[in-house]
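Residue-level listing of the chains:
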Amino acid sequence: MDDHFIEMRSLIKVYPPDTLALDQVDLTIKEGEIHSLIGENGAGKSTLMKVLYGMISASSGEISFRGRRVRYASPREAVAAGIGMVHQEFMLVPSYTIYENVILGAEPVGRLGALRNADARRRVQSLVDRYGLSLNIDDRVCDTSVGAQQKVEILKLLYRDVDVLIMDEPTAVLTPQETGELFRRLRDLNAAGKTIIFISHKLDEVLELSDTITVMRRGRRVATWENRGLGKADLARAMVGRDVVFSVDKPPAYCGDVVFEARDLSYVDAGGRRRLDGVSFEVRRGEIVGIAGVEGNGQLELVQLITGLGPIQSGQVKICGRDVTRVPVIERRKLMCYVPQDRKASGSAQNMSLADNAVMTHHRLNPRLESRWKALLSPARCRRFAQNLVETFGVLTPNVDTPISSLSGGNQQKVVVGREFLFSADFVLLDQPTRGVDVGSVEFIQREIIRKRDSAGDVTADVGAGEGAVAAGAGCLLISADLDELFSLADRILVMHRGQVVADLVPRDTTREEVGEYMLGVRESQSERRPRAQAASASALGPAGEGACVK
Amino acid sequence: MHLVVEMLRSSVLAATPVLLAGLGGTYTYYANVFNIAMEGMMLIGAFTAVAGSYLAGSWVVGMLAGMAGGLVAALVFAVFAVYLKTDEFVTGTAINMLGLGGTTYALRQMFRVKGAFMSPRIQAIPRIRIPLIGTLPGIGPVLSGHPFLVYVTLALAILIEWHIFRTRYGLRLRASGEDPRAVDSVGVSSDRIRAQAILISGALCGLAGVYLSLGYVTLFAENMSNGRGWIALAVIILTRGRPLGLLTMSLVFGFFDGLGLSLQSTKIPPQFTQMVPYIATIAALYLYSREKRQAPSAPTGPTGSSEQAGQ
Amino acid sequence: MSKNALTALAGIGVALLAGLVILWAQGYPAVPSYAALFSYSLFSKFAIVSTLNKATPLILTGLSAAVGFGSNCVNLGQPGQFLIGAMAVAAFGIVCDLPAPVMIPLAIMVALAAGALWAGIAAGLRRRFNMDEFITTLMLNFIADYFTLYLISGPMWDRATYSPMTKATNPGSWLPMWDGLSAAFVVSCVAFVVTWVIWDRSKLGYEWRVMGQNSVFSRVGGCNNEANFTRAMLLSGALAGLAGGMMVMGGMQHRFVKGMGANYAWDGVMIAIVAANGMVPTGLYALFFAAIQTGAMGMELETAVPSEFALVLQAIIVLFVVASRESTRLLINRLAANLRARAAAGAEQDISKGGGRDASGR
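Respectively, the protein sequence lines represent chains A, B and C. First residue of the first sequence? That's 0 in numbering that gives the first Met the number 0, and the numbers climb one at a time after it. First residue of the second sequence? That's 0 in numbering that gives the first Met the number 0, and the numbers climb one at a time after it. First residue of the third sequence? That's 0 in numbering that gives the first Met the number 0, and the numbers climb one at a time after it.
Mixed in with the good hints, there may be bad ones.
[As the list claims (entries may be wrong)] Far from chain B by the CB rule (all over 10 Å, computed), these chain C residues:
#1 P98
#2 M296
#3 A309
[Said to hold, decoys possible] Okay, derived cross-link-like pairs now, EDC-like style, lysine to aspartate or glutamate, Cα gap no bigger than 20 Å in a straight line:
#4 A:K317 / A:D256
#5 A:K373 / C:E299
#6 C:K2 / A:D256
#7 A:K343 / B:D86
#8 B:K113 / C:D199
Treat the hints as calculated values from the structure; they're not laboratory data. Note that beta-carbon positions come from the ideal geometry of N, C-alpha and C, so glycine has one too.
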């Protein structure tokens, strides 16, 4: 076994215009090991591996592989040399079959470039059998689960005979059970002689799987340790640079009246599939209700029905006691704050200025942005409003006229969250509010969410309408794919599976594994469980109990 | 009887340029390039074909010049849209304007005429009599005696169907259109595939131009493509780019185009008969939208796509 | 803003240079041709007046396209809306005979309404049947073209003339001229100001602009995209219709003539594109394109370069200005990254405290 199988020396990478992603990184990988790279979002783990994989070129530094100095100009060269990478976002063509995705880029061709499928199909099938991947290679990728798609990505690399497999945050999209399955497959591959580089920010997984662990922080390699006798605290300290408490500091919830109520919501999409199936739940003032679930189990539709972006076919939605089932979006926005899932796709207009992004919806609801004529907006007042948002939420920006696209992801998200939290509404809908955001901003946003829970009108005191000064907090509905976030923020967790709410759990009394089982449908929603869940939720209503918790 | 034969014959003739341009546009459709430059590429091809045929006195040169003209326009499109990352709509519009303005300018600059240029020195594309079928009553006159490009086009439709769905290039082309990152990640440059698709479409649109100016008629007139590039684009959208679907759909449009011509002998004012193909396009789009709304949605978009406004 | 202006100027410079090379390659005296181009469009009172008259329809069609594209309505129907607007004014001017103070405002209304109506067809088809307005507007252009052609060569043909055209409109609808400058230019300036206020200052315009940048965002934010789409289409069509109306009410002929307004509508599309759908840049580019077109006539007189060269030059300008907008940004970013990497490689120690943020200037 080669102890200097892959060597990287003083790698530097700057993303245009001036983000220093890698800062003089050295790293050695041994042949046949499982080597984990751990660090927070933006620590440079993925960038480092993309450089090795030839996907992006380093600004300077060198790499050697099997003792020879290499510099791959494209992933194709890296794969030809035996290095393959599975990205965090899958690189699959949805409408193609698994087989077609596997051969894409390495197609077996005969005369005139015509495809010759017979032999290649046999080879792909034999790889599936040998490594126990349990895939049907004629299924279209878009019809398969996330876990299966990940296996397709691995299969692609096996088909190309790679010796080194780089896995970039492979568990981010998996349930605990799927993660277990993935680890078994990775160990099999490792036993078959493949070197595996595993990128993650989850301490438990890294400790469970790897032979060697490298910690990265802010573009630098902080430490490399053999995985013997290491603890979570050691890794965490190295990752963050200080001691870490493993939970968000959160006062107990004091619940008040119901601010949101969904009753028997059902939704059938244009293809006739039942996306939502009799969903009912309520959110009370002063609590954060989390929704867990594998993506595509009705969360998207639930959000669309609540916000009014999709038509409600059957059922009812009430916000602050008002039936909004048949009410247009703008009317609902008077009653709720909504942080959408994807700030680029639906939370902002990237080419417009920060100020233009900040006044959205406020432009209709806040008369203080108008100029003398009601139909016109006052540019000066809009800028002042944006300036206030920037100050209140600590957005780092030269001024409010810069295009929002030139801000970092975290600062963009602060603008979006700030815009929504400046409404004095009592119901807050948060759809993945911290996805793809740096750690500092995650912390800030999570603190703001808790603050909002505890006092809805606080941040609006100096702007917006005066009625914002209501003492009691807001009711929050938090949809998140990140179980850690749900466990640290939510006062109750509802689990969605196939369009139904299958469990209503209290974080204190449950485990990630139990939530995972519900997410996968391993545990059925059973009527005899209901009373327990409700009892549990009642116990979460705070020290004073349900009746007395209105503040 | 004679009228029916005449109408079918003219629909084959009128379908050919739309089909040729459409076949070119199929490539860009699958590469997910918004190719509104087809109109311009066609017009440029028509002009260079006439220029080539006139100057060399040979239709072969004219044909090659026409394809080259379309290819050069496509090259400009590819350089700007793919490599300089200029917006496709913008680039396409500029190419169309360049085609319109450039040919008008060149017409005056080279041939000192405004409006249209014709000359006996322009050699047209030869017409072909098909040996056996040509003598059959009914079918013979419909299928035989057309400029040979007509037959080339029919063969191309089948060939391109095979090329796009049965070959390595086709697999990569469709993948680049659907998810360019997936193609890049396996080491194939999706940019290059897109550029190639644009160039192929340029050559075929150029050929469509050749057919217009050396096959359909033997002259060049300002803006003689007259919206056929846009109709081709509509046809591509209607048939979702399937080459054999294009073949059928183009024949339908050819029929309406021909219908317009045949109606000119009646009392209906010619301006109304000339509107027919454009109205037919709108009608086809209506039928298409209705069908799309009733059919089950594609597996990709979960919800809410139907009521999304403004694209 | 000034950075944008600089890149635009650079793009125009490169494009003019490319035009120079084309002229030179074809054996024309390139520099004198350019001199003629600008002296006949800018450097005399007559030249300026001609340019402003030429700019009248270009401003309006440019605004029309900018409002459309900027709101994410792919309205390519300016040619049709232009013709319908012109035809409606011609018909109105022939049928009605009123004193000018009444008739001129009415005729303007007619032009606006006719253009809006023609665009409204496409908007309606989009909203009711979800038909792509991009194709329907294009097809409606041809229909408008043949329809007006039918009218002027059939029922509305002025039999006193040989080529197809309508009768002259009644003088009440004629716009006054001052020293050769038509009042149509004033009308287009008023239209410009009104459109600018709507676009840049009103709530409605804000919603349109957001919809143009990201229609999902505007919908999530509570804007009524469907209604806004229709409204933007109507305004876009009205402006193009007004451009057509001005051709009949202003100018010299005061009638609908075959081939009228040949390229004005498409020029408007190009103007909106180079102006990136901004209102003020649209006005400026309209003046610039008008200068090129006016000057091209002079160029033909002086150096025998066919005046159609203006069309080529415009298309080249569009390509280069738009390309320079995108690629200079990419280029500048890449250069900055290289500098930063060199700095990082050089300064080995003192980076740890700064991270990536110190040098970024934020």
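Contradicted hints - numbers only: The structure conflicts with hints 3, 5, 6, 8, although it agrees with all the remaining ones.
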